[in-house]
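Single-letter residue listing:
There are 2 protein chains.
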Amino acid sequence: MSDLLLRAIRGEKVERFPVWLMRQAGRYMKEYRQIREKVGTFLDLCKNVDLAVEVSLLPERLLGVDAIIMFSDILVPLEGLGIKFEFLEGEGPKVYWEGKISPYDPKANAYVYEIIKRLKKRTSLPVIGFSGAPFTLASYVIEGSASRDFRKTKVFMWERSYDFRRLLESITDALIKYLSAQISAGADVVQIFDSWALHLSREDYEEFALPFVEDLISEIKARHDIPVIYFFRGSSSFLDLVLDLPADVLSVDWSVYLPSLMIKSQKAFQGNLDPALLYASEDTIKMKTLELLRSIPRKTSYIFNLGHGLAPDMEFPKVKLLVETVKKFTLS
Amino acid sequence: MSDLLLRAIRGEKVERFPVWLMRQAGRYMKEYRQIREKVGTFLDLCKNVDLAVEVSLLPERLLGVDAIIMFSDILVPLEGLGIKFEFLEGEGPKVYWEGKISPYDPKANAYVYEIIKRLKKRTSLPVIGFSGAPFTLASYVIEGSASRDFRKTKVFMWERSYDFRRLLESITDALIKYLSAQISAGADVVQIFDSWALHLSREDYEEFALPFVEDLISEIKARHDIPVIYFFRGSSSFLDLVLDLPADVLSVDWSVYLPSLMIKSQKAFQGNLDPALLYASEDTIKMKTLELLRSIPRKTSYIFNLGHGLAPDMEFPKVKLLVETVKKFTLS
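If you read the sequences in order, they're chains H and W.
Each residue of the first sequence is one higher than the one before, starting from 3 at the first, in this note's numbering.
Each residue of the second sequence is one higher than the one before, starting from 3 at the first, in this note's numbering.
Hints are computed from structural coordinates only; laboratory data are not their basis.
There may be inaccurate statements among the hints.
Copies of the same chain look alike in the list, so a pair counts if it fits in one copy or across any two.
As a list, the in silico BS3-like pairs of lysine-lysine whose alpha-carbon atoms are at most 25 Å apart [what the hints assert, rightly or not]:
#1 Lys290 / Lys154
#2 Lys102 / Lys32
#3 Lys154 / Lys288
#4 Lys223 / Lys329
#5 Lys269 / Lys301
#6 Lys109 / Lys269
#7 Lys320 / Lys154
#8 Lys266 / Lys301
#9 Lys123 / Lys290
#10 Lys154 / Lys322
#11 Lys123 / Lys96
#12 Lys49 / Lys179
#13 Lys269 / Lys49
#14 Lys330 / Lys86
Whole structure, please, built from the sequences with the hints as guidance.
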């Protein structure tokens, strides 16, 4: 296996920074759109093992990244919990929760593990599995759809704290089983996406997000000897709390100044570059990317990524230029 | 004049915390909607001195707040800079910038000063004037409309840094004149709204937002002996930098834990409560508000407010309950 990513996470000396991108297989890619057209809904694509494998592998050939993330969505484990959802074109996800939650059945997500098994046979790159973080997943369940203020989740959390904690516990237990099954299927690394916890107050983050993500990571680390990446938006907000999590890698957005953070913490870091940079000219993309790469302190552990996922209206050649710029930057 | 707000800002012993709310005169209020219907556009209402005064005063009678903020919008000084804009119903503001900026003509905003003069005659409460922060206003000018990623502003900022700084300088100069004229007209306090700087990276905030807001506040403080409030969303992100600003009061959102912050800093603080609380039950509103009030350390200086403005779909009785809960909480 091409082990640049894993060596970088372990803090070993590497010849260059590894690079992969969140949503690296996505709508900005012609080849993705061609495969996407072959199936009905986005969920159909997630469940079509053959096509999901093809989609997952596109960035290896087209971009030359150093890791393959399985193609899926953070909502799919809800099926194993007996919660219905769908993806509506142009509207984002809808979750239909009726207040009940079944014990998680990992078999409901067998197609996810099958995608990972096939990927392991098709690529020599490390394969990244993933899940949402407990709070982020719970907020989808309660909110039902995209939200600007997470009012339903917050009111539920404040007024029915006991029920909310039970929901978070059920989801955490499910995610332990779900990620464990991904690892058993061959995932070399897992990333936990905490997309929405940034909307919480600090006290609410400490009470309703942090303990559950901590449980999830601790359990995974106790059962498996593979690295865990914690991606959290609004990275500067609760940074001091997040630094104590047992994650191996913290994937941060652009609200933190990475060089001073990396000098303070022994953890590995990932991400940081503002994705809006991909709307700039090629010269600017190169210049700002090199600026970031040059700012990473020596004897630290860093994986290049953006601070958030690629967007559908980004231009493929610019994404490719970004990856090439990172790959050409050699460390002596 | 009823001076509770000003005494609290100065750190004097007060009998209770003063309270006012951002967007306290707004669409959630039946009486506001009735006045709003009398004019064509939102900008027409801002420019109609009689009606803008009536609207500004509604919260004194209907809510019993401790300060009146003039009814206006942060975009109006753009008119004095020769930049056209409009407010489209249900769409938010559109700014039509053609790349040029005229020297600021404070007379273009004469109606704003007139509103303040009239308010001073009509109320014994302190009158709050305001402006946007330079970066926030510049981002409206370049973006042209609401944005999720501020891509135009950021690309302009990165690729035409010199022009962007010139724009920020022009806007800062304009805002110094604009706020000075508000103060000369009678404003007792001014608040600077930095709604969008939270989308910047830390380095970009330090380079393109902070120095200009610092200039603005320093100039106002050098010319006038009145308190300046700096409101900034994403308050936890660049907090260490913001603490050094010459503002008298920092108005923070719910991402910071106020008690520990207030013990560390000598500044006055405002805000903090998550506005989503107003979607909860009356019991929850009371309980969580009292929880915040009880957490404020003694011998500090605090003004109650939400962490962001009131929303059109909030219920008036709940907003009133919120204000009453604060007013009943006496300090011994």
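Do the hints match the structure? See the list:
| no. | hint | result |
| --- | --- | --- |
| 1 | Lys290 / Lys154 | between (39 Å within a copy, 16 Å between copies) |
| 2 | Lys102 / Lys32 | neither (40 Å within a copy, 39 Å between copies) |
| 3 | Lys154 / Lys288 | between (42 Å within a copy, 18 Å between copies) |
| 4 | Lys223 / Lys329 | neither (30 Å within a copy, 50 Å between copies) |
| 5 | Lys269 / Lys301 | within (11 Å within a copy, 39 Å between copies) |
| 6 | Lys109 / Lys269 | neither (34 Å within a copy, 56 Å between copies) |
| 7 | Lys320 / Lys154 | between (39 Å within a copy, 16 Å between copies) |
| 8 | Lys266 / Lys301 | within (12 Å within a copy, 33 Å between copies) |
| 9 | Lys123 / Lys290 | neither (36 Å within a copy, 54 Å between copies) |
| 10 | Lys154 / Lys322 | between (40 Å within a copy, 21 Å between copies) |
| 11 | Lys123 / Lys96 | neither (34 Å within a copy, 53 Å between copies) |
| 12 | Lys49 / Lys179 | within (19 Å within a copy, 61 Å between copies) |
| 13 | Lys269 / Lys49 | neither (35 Å within a copy, 55 Å between copies) |
| 14 | Lys330 / Lys86 | neither (45 Å within a copy, 46 Å between copies) |
In the structure shown, a violation is registered for the earlier hints numbered 2, 4, 6, 9, 11, 13, 14, in ascending order.
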